[in-house]
Amino acid sequence: MIIEFLVNAVGLGALYALLTIGVALLFGVLGLMNFAYGELILAGAFAMYLFRDQPWPFAVLMAILFSVVVAVVSERLAFHPLRDADPVTLMIASFAVSLALQSVARMTVLPRTKGVPPESFLSHRIEFLGADVSVLDLLTLGLCGVMLLGVAWLMGRTSLGIQLRAAAEDFRMASSLGVKANLVIPAAFVIVGVLSAVGAAVLVARQGSVSAEMGLQPMLIGVIGAVLGGMSSLKGAALGGFLLGAATALLESLLPTDLIAFRDAFLFSALIAVLVVRPQGLLSGTKVRVS
Amino acid sequence: MKNQNRLVAAVSTPAILIGLVLVVALIGAYGDVTTARVATLALVSVVFVVGLSVFSGNSGVMSFGHVAFMAAGAYTTAYLTIPVPLKKSLFSDLPGWLSWLADVHTSFPVALLAGAVVAGVVGLVTAPVVARLSGLQSGIATLAMLMVTYNVLNSWTEVTRGSSSMIGIPRGTTAWWAFAVAALAVVVAWGYRCSRGGLQLRASREDFWAAEAAGIAVGRHRAIAWVISAMLCGVAGALYAGYLTSFNVNGFFLAATFSFVVMIVLGGYLSLSGAVVGALAVSALQEVLRRFQDGQFTGGSALPAGVADLIVAGVLLVVLVKAPYGLMGVRELRLPGSRRRAAEPAPEAEREPAHAG
Numbered sequence: 050m051i052i053e054f055l056v057n058a059v060g061l062g063a064l065y066a067l068l069t070i071g072v073a074l075l076f077g078v079l080g081l082m083n084f085a086y087g088e089l090i091l092a093g094a095f096a097m098y099l100f101r102d103q104p105w106p107f108a109v110l111m112a113i114l115f116s117v118v119v120a121v122v123s124e125r126l127a128f129h130p131l132r133d134a135d136p137v138t139l140m141i142a143s144f145a146v147s148l149a150l151q152s153v154a155r156m157t158v159l160p161r162t163k164g165v166p167p168e169s170f171l172s173h174r175i176e177f178l179g180a181d182v183s184v185l186d187l188l189t190l191g192l193c194g195v196m197l198l199g200v201a202w203l204m205g206r207t208s209l210g211i212q213l214r215a216a217a218e219d220f221r222m223a224s225s226l227g228v229k230a231n232l233v234i235p236a237a238f239v240i241v242g243v244l245s246a247v248g249a250a251v252l253v254a255r256q257g258s259v260s261a262e263m264g265l266q267p268m269l270i271g272v273i274g275a276v277l278g279g280m281s282s283l284k285g286a287a288l289g290g291f292l293l294g295a296a297t298a299l300l301e302s303l304l305p306t307d308l309i310a311f312r313d314a315f316l317f318s319a320l321i322a323v324l325v326v327r328p329q330g331l332l333s334g335t336k337v338r339v340s
Numbered sequence: 352m353k354n355q356n357r358l359v360a361a362v363s364t365p366a367i368l369i370g371l372v373l374v375v376a377l378i379g380a381y382g383d384v385t386t387a388r389v390a391t392l393a394l395v396s397v398v399f400v401v402g403l404s405v406f407s408g409n410s411g412v413m414s415f416g417h418v419a420f421m422a423a424g425a426y427t428t429a430y431l432t433i434p435v436p437l438k439k440s441l442f443s444d445l446p447g448w449l450s451w452l453a454d455v456h457t458s459f460p461v462a463l464l465a466g467a468v469v470a471g472v473v474g475l476v477t478a479p480v481v482a483r484l485s486g487l488q489s490g491i492a493t494l495a496m497l498m499v500t501y502n503v504l505n506s507w508t509e510v511t512r513g514s515s516s517m518i519g520i521p522r523g524t525t526a527w528w529a530f531a532v533a534a535l536a537v538v539v540a541w542g543y544r545c546s547r548g549g550l551q552l553r554a555s556r557e558d559f560w561a562a563e564a565a566g567i568a569v570g571r572h573r574a575i576a577w578v579i580s581a582m583l584c585g586v587a588g589a590l591y592a593g594y595l596t597s598f599n600v601n602g603f604f605l606a607a608t609f610s611f612v613v614m615i616v617l618g619g620y621l622s623l624s625g626a627v628v629g630a631l632a633v634s635a636l637q638e639v640l641r642r643f644q645d646g647q648f649t650g651g652s653a654l655p656a657g658v659a660d661l662i663v664a665g666v667l668l669v670v671l672v673k674a675p676y677g678l679m680g681v682r683e684l685r686l687p688g689s690r691r692r693a694a695e696p697a698p699e700a701e702r703e704p705a706h707a708g
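These protein sequences, in sequence, are chains A and B. Residue numbering for the first sequence follows the working numbering, starting at 50 and increasing by one per position. Residue numbering for the second sequence follows the working numbering, starting at 352 and increasing by one per position.
If you are wondering where the hints come from, they were derived from the structure by calculation, not from laboratory data. Hints should not be assumed to be uniformly reliable.
Here are the simulated EDC-like pairs of lysine to aspartate or glutamate, each with C-alpha atoms no more than 20 Å apart in a straight line [as the list claims (entries may be wrong)]:
#1 A/Lys163 x A/Glu262
#2 B/Lys673 x A/Asp133
#3 A/Lys284 x A/Glu218
#4 B/Lys673 x A/Asp135
#5 A/Lys229 x A/Glu218
#6 A/Lys229 x A/Asp133
Isolated chain A (complex conformation) (with noise of 0.2 Å):
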């Protein structure tokens, strides 16, 4: 009992954590607040619908392809013009970005919410440490956990982590040391398009469905996850994003019936207490980097 509910709120931590840190790298590199995100999960979503009588491997490779290829095009046409902006226009313009891909999958093949059966693998029970748990919950965790570990590495370890945090840092400074805007810029909205596409996996899998609206949630997680856990460091904002999912755990196992719908407004509440009090998040020590 203990077990099971460890391994899902853990894992549902592991979940958040991979979205925060899917708006807190682009916020620290470029000051957006990417509002579009939740589209990039869509993006990854609707590959797993397209190409969901493959292998679930290969649907999931073809979920980050898709989730890549919009990241980039929407860099490319989108927040490139506007690169020098401030980040109030660029949340806006990312807000327009949201809206124009949301139409577009409305227009073509996601009018109406569309069913993805389950794998039938993830549906099994196992025995886990003496406990019973789904191949699902297990598969949240292994997946994000391998995820956060090799953003982890990739920030910590190489040449291209190295340059995004100082590009973080400042990122005038970093570019007239010799990191090139061209590179990190678009490296970071690979990374982000790699983050949504396996968070969109996970996802589907455990939603079972795809709907052109269906990236407004992850989207305000990564938000309030990333608020809380301080938006200045990869760090803080994935330790966040894991305290809101296994707060969210707990709060959906003890919380009585009547109030779990207004856990919403419970948690944006939260938000802007935190951002009256400690605008550079619960977490973070440093300083905050926002206008």
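Could you slot chain B onto chain A? The hints should help.
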């Protein structure tokens, strides 16, 4: 002579804007049914966007949460004007402490005022948050306010009917009512803009720290502007409810927010004329696109739903890239002759703001 010129300069902008609004009202009053609907809703948008611009235009802080005030006004109108017998059956499960809501009834003009007051109270409660934040933090916080409002309206089913539509509101809004309120909104917004407080707030928009150093209580002025703009947006919501006679909570969420953001950005969010021009232009554009999507220009074959939204999003992106301060920039509509003479008291109008965050 000079004083007279200054007076002409001071009243020429609101006079031109009211004239513009009057033209739309005339179209609404004497046009056919569809035209009347588009024109009246365009006037409601003018009220809303002018209200939004009282805060955003003067403080330079963008808000994504004003639709919550519109919702406050609309729900207030619904509670006050739906006939009592119908209301009793619509809200049969009101909790005890709110049961008086089923019995109150007022006329439409009183409901308009009440909408403004209720939205103003919501604004007053949230003002301390806005007073403390700027730039992106303010954007996220105002969006979070909208999320809280939406969640409560959508989930508190006994009181707000949740996701079911609010129905049976008597049609109180006419083109003339919408015109009167829009004209009043323009006068209020212009009056505030030219007032001492408005000038101080605009100074803080140009340079926050310089304004603070000069002794301007930026937070307090932001809060004042926030409450005034909340009240105007509340009236817009009341007009909206009184015109459509039924509305749904989904009408006060991201789609509406986006559409108003397009209006104020396209017009130019630093200028009152920009707010009016943007609201009217985008309303017209949306109607043209709706007809385009329904196939009225392409020989009757309807295009898939979403084409109109896609084009609006594209227009917004192009505006953000090519003209980040919109059609009007920081200029105001003025009589041609008075521009040069009026230029001297407003050196601010000569340059783009240093930072709009």
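Verification of the hints:
{"no.": "1", "hint": "A/Lys163 x A/Glu262", "result": "holds, 12 Å"}
{"no.": "2", "hint": "B/Lys673 x A/Asp133", "result": "holds, 13 Å"}
{"no.": "3", "hint": "A/Lys284 x A/Glu218", "result": "holds, 14 Å"}
{"no.": "4", "hint": "B/Lys673 x A/Asp135", "result": "holds, 14 Å"}
{"no.": "5", "hint": "A/Lys229 x A/Glu218", "result": "holds, 14 Å"}
{"no.": "6", "hint": "A/Lys229 x A/Asp133", "result": "holds, 15 Å"}
Hint check: no violations occur; every hint is consistent with the structure.
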